[in-house]
Amino acid sequence: MTTTVHPTGTDSPRPSSGRRSPLSAIAHLRELPVLLALVALILVTWLINPLFLAPQGVKDILLNATIVIILAAGQAIVIITRNVDLSVGSILGLVAFGTGSLFVAVPGIPIIVVILAGMLFGAVLGAINGLLVTLAKVPALVITLGTLYIFRGLNNAWAGGTQFFADDRPQEFGNLSVDTVLGFPLITLIAIVVVVIVAVFMSGTRSGRDLYAIGSDPDAARVFGVPVTRRVLFAFVTNGVLAGLAGVLYTSRFNSVGATTGTGLELDVVAAAVVGGVAIFGGSGSVIGAALGALLLTTITGALTAVRVDKFWQQAIVGLLILAAIVIDRIAAVRTARRLRVSESRDV
Amino acid sequence: MATDHEASARTPALSLTGAVKAFGPVIALADGTIEILPGEIHALVGENGAGKSTLVKILAGLHHPDAGDFRVDGEPIAFRSVADSKAAGISVIYQEPTLFPDLTVAENIFIGRQPRGRSGLISRAEMRAGARELFSRLGVPIDPDRSAEGLSIADQQIIEIAKAISLDAKVLVMDEPTAALSGVEVDRLFAVARSLRDRGAGILFISHRFDEVFALCDRITVMRDGRYVATLETSSVTVDEIVREMVGRDIDQLFPKEPAQIGDPVLTVRGLSRAGVFADIDLDVRAGEIVALAGLVGAGRTEVARAVFGIDRYDTGTVELNGRAYTAGDPQAAIDAGVGFVPEDRRKQGLVMDLSVGRNATLTLRSALARFGIISSARERRAAEKWTKTLQVKTGSQEYAVSTLSGGNQQKVVLAKWLATEPRLLIIDEPTRGIDVGTKAEVHRLISSLAARGIAILMISSELPEVLGMADRVLVMHEGRIAAEIDRADATPEAVMHAATASMEGSK
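Sequences listed follow chains A and B, in order. Taking full-length UniProt numbering, the leading residue of the first sequence gets 1, the next gets one more, and so forth. Taking full-length UniProt numbering, the leading residue of the second sequence gets 1, the next gets one more, and so forth.
Rather than coming from a laboratory, the hints here were simulated on the basis of the structure. Keep in mind the model is a prediction, meaning the values are calculated, not measured. Treat the hints with care, as some may be off.
Only part of the chain B face toward chain A is listed, based on derived beta-carbon distances under 10 angstroms [to be verified]:
id : residue
1  : Tyr94
2  : Asp102
3  : Asn108
4  : Arg113
5  : Asp211
6  : Pro265
7  : Ala325
Backbone N, C-alpha and C fix where the C-beta goes; we use that ideal spot for every residue, glycine too.
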């Protein structure tokens with residue numbers, strides 16, 4: 001789902017205004033394939049089953065996508081730095097259980113305080129990942145696989161058999177996942193705001209661009225003087241904050257939270273980011289793409305259900321999408337490498 | 001030490017005196033000394049391992065010297081990071097440009113200090129305009145919006161230079177910038193370098209090509225064995241004098257070469273080429289003969305060896321062993337034909353560090369030792385013992401992990417592994433890299449005795465004394481081609497250095 005090949009060579013005519021034509025800018029968007037796939041999927045499903053786009057159906061898909069969208073946005077930040085965080089499902093679980101406990105322990109606690117507490121909790125867990133990765137210099141895959149189990153283990157020890165149900169929480173908190181504005185559930189609106197903020201940060205600030213540089217070539221970044229350690233730590237902490245937010249919203253959305261909340265979610269999240277055009281080796285892709293990837297995967301599940309396709313096939317199709325995204329990325333990379341080798345061989 | 005009166009009157013843009021840098025017990029730089037004046041192009045020359053790269057990394061803020069005096073504009077300074085060096089006005093362009101392939105060209109120039117608009121966010125339009133202005137000053141048509149991926153090395157270097165200009169660098173360090181450039185591209189680079197000098201920048205130019213050094217540079221500093229040797233005015237020295245300063249040492253008698261009966265050609269290579277890597281390689285190695293492949297790092301020596309052994313493919317040419325060709329691009333075919341390959345990087349390519357000495361020594365023999373596909377450990381032990389004894393590998397037990405041995409003994413295990421296959425040709429890449437002096441002589445004795453048994457040996461070495469002491473014949477490579485073939489009798493440090501740097505006087 002990526003377009004790394006840039007047809008605009010050194011000798012192509014350039015617009016004199018110093019700005020690309022909007023059309024060519026759109027054609028170069030890495031997110032374009034996933035966006036087209038999403039639109040096509042919705043159209044086809046709607047033709048087969050018009051009920052698919054009924055207000056309730058749309059709301060369900062958005063609600064289901066919200067948690068993964070926030071997680072995928074955070075994961076994109078980490079993957080762009082050529083790292084990965086597999087512990088997000090466990091972070092979400094811990095924070096969700098913490099949220100349930102907090103409502104019980106402090107009756108009448110303001111919702112905004114709970115949200116901030118959840119994000120802070122997530123930040124601490126993300127910082128543990130980030131510190132381990134940057135200080136121990138062990139690949140993030142291994143570190144976060146370890147913390148996946150550690151955090152889950154803590155969750156099990158803390159929760160035991162306890163579960164918190166919707167009744168334990170104030171009505172307004174649950175309503176975040178029920179009330180809508182212009183058809184969008186409130187928690188979805190929160191997710192959209194988050195994605196926009198993170199997207200602007202990633203594309204419009206110097207530290208955001210540093211994250212791309214680090215993922216593109218970590219050694220070059222170090223040689224160049226980019227504060228690699230600090231930036232990578234920041235990426236993990238931000239991802240933790242977002243996973244914490246997702247944990248709080250999860251508690252609003254779903255009836256019960258307990259020891260196993262969020263188990264296995266990390267794979268959906270990494271899949272969403274990859275399908276959304278975030279290169280697994282870092283350096284390219286966007287938060288918007290990852291969010292669209294999450295929306296696409298959720299929509300596929302909804303669409304296949306709407307056209308009555310077996311659940312087994314739904315997973316196989318998600319798998320195919322991931323493979324397609326990676327294969328397209330590799331083909332583009334190999335092609336560029338070949339071009340490079342030919343252009344270098346002139347003088348020998 | 002010679003600086004003329006005019007020069008010494010100016011404050012150096014940068015001066016480093018007596019810098020020392022050690023990595024554990026290895027002293028990479030014993031006396032790093034360089035002085036760059038504003039408005040001069042200063043060359044730094046020396047053999048491989050003379051300490052040039054370490055010195056450059058100190059200037060770049062990547063390494064922190066253990067001792068020495070470092071001044072910028074006459075003020076003492078100590079860099080703690082690359083950012084410090086950059087803030088002091090030093091820009092370094094490495095041989096391998098360090099661009100970010102996924103980012104656009106404009107962003108590569110301005111990364112970390114992108115122009116910001118009124119909103120506080122990065123202004124892409126301003127960044128693009130800035131890049132375009134830099135390129136028009138440099139006279140190159142590069143699209144600022146394209147990604148850096150796929151750019152030629154020459155264009156990548158131009159982008160690094162654009163970066164340095166936009167940083168307003170006082171000192172520009174170029175580490176072998178011309179190594180991958182064609183003639184036109186070199187001219188373009190030189191024109192840019194001269195115009196920067198005329199604007200008052202000091203440039204440190206590191207190159208192995210003397211024609212370039214003499215065409216471009218005002219002064220030349222020579223390093224040898226991690227030490228400063230001399231700084232000379234380009235106008236008052238010759239290439240010969242520079243080469244003498246570079247090699248200026250006696251060849252120690254560390255290399256006990258046994259006389260060997262030289263027989264028929266074992267390896268015959270004709271017209272071997274691989275686009276962009278090496279071209280038109282002809283070489284013969286006869287039974288009992290040690291042929292050294294000399295040249296600078298990056299000249300293509302290892303690549304030729306890898307192609308002969310089948311690790312890499314080649315585009316055209318023939319490789320024959322005892323007059324018979326074997327399948328290209330297939331190491332197993334090469335091994336079956338009787339080729340052994342001792343790679344440069346023992347730890348990564350030559351040994352399985354966590355396996356036992358015995359296992360490693362018999363790795364190449366697995367199928368010969370197996371009965372019905374299962375390896376008998378008794379036979380394995382016997383085979384391992386035979387060779388580790390012959391080579392006097394010092395290990396407490398065959399069962400010890402190879403990683404517990406010293407570098408020299410590890411190298412012997414690699415040799416044992418190949419000798420067990422009874423090769424007719426043994427290719428050895430940097431036989432004594434990272435091996436202490438005492439064991440070095442032992443490895444040399446071993447190699448020499450292998451030749452005496454009639455094995456043809458192709459040795460790649462960057463150490464001149466080793467090349468001159470061991471080889472019956474020296475083939476010198478330069479930029480992917482064989483630049484000279486020198487017999488043992490004629491092989492002097494000067495002759496090899498001249499050919500390796502392709503300077504006029506020395507090559508045949």
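- Task: Closer than 10 angstroms between Cβ atoms is the bar; does Arg113(B) clear it against chain A? Give me holds or violated.
- Result: holds (7 angstroms)
- Message: Take the shortest C-beta to C-beta distance between Tyr94(B) and chain A; is it under 10 angstroms?
- Response: holds (7 angstroms)
- Message: Please check whether Pro265(B) passes as an interface residue: C-beta within 10 angstroms of a C-beta belonging to chain A.
- Response: violated (27 angstroms)
- Query: Going by Cβ atoms only, is Ala325(B) closer than 10 angstroms to chain A?
  - Reply: Hint violated; Ala325(B) Cβ to chain A Cβ min 24 angstroms, cut 10 angstroms.
- Task: Verify the interface restraint on Asp102(B): the C-beta must sit less than 10 angstroms from at least one C-beta of chain A.
- Result: holds (4 angstroms)
- Task: Classify the hint on Asn108(B) as holds or violated, based on whether any CB of chain A lies nearer than 10 angstroms to its CB.
- Result: holds (9 angstroms)
- Using 10 angstroms as the Cβ threshold, decide whether Asp211(B) counts as touching chain A. violated (15 angstroms)
Checked against the numbered hints listed earlier, the structure breaks hints 5, 6, 7; every other hint is satisfied.
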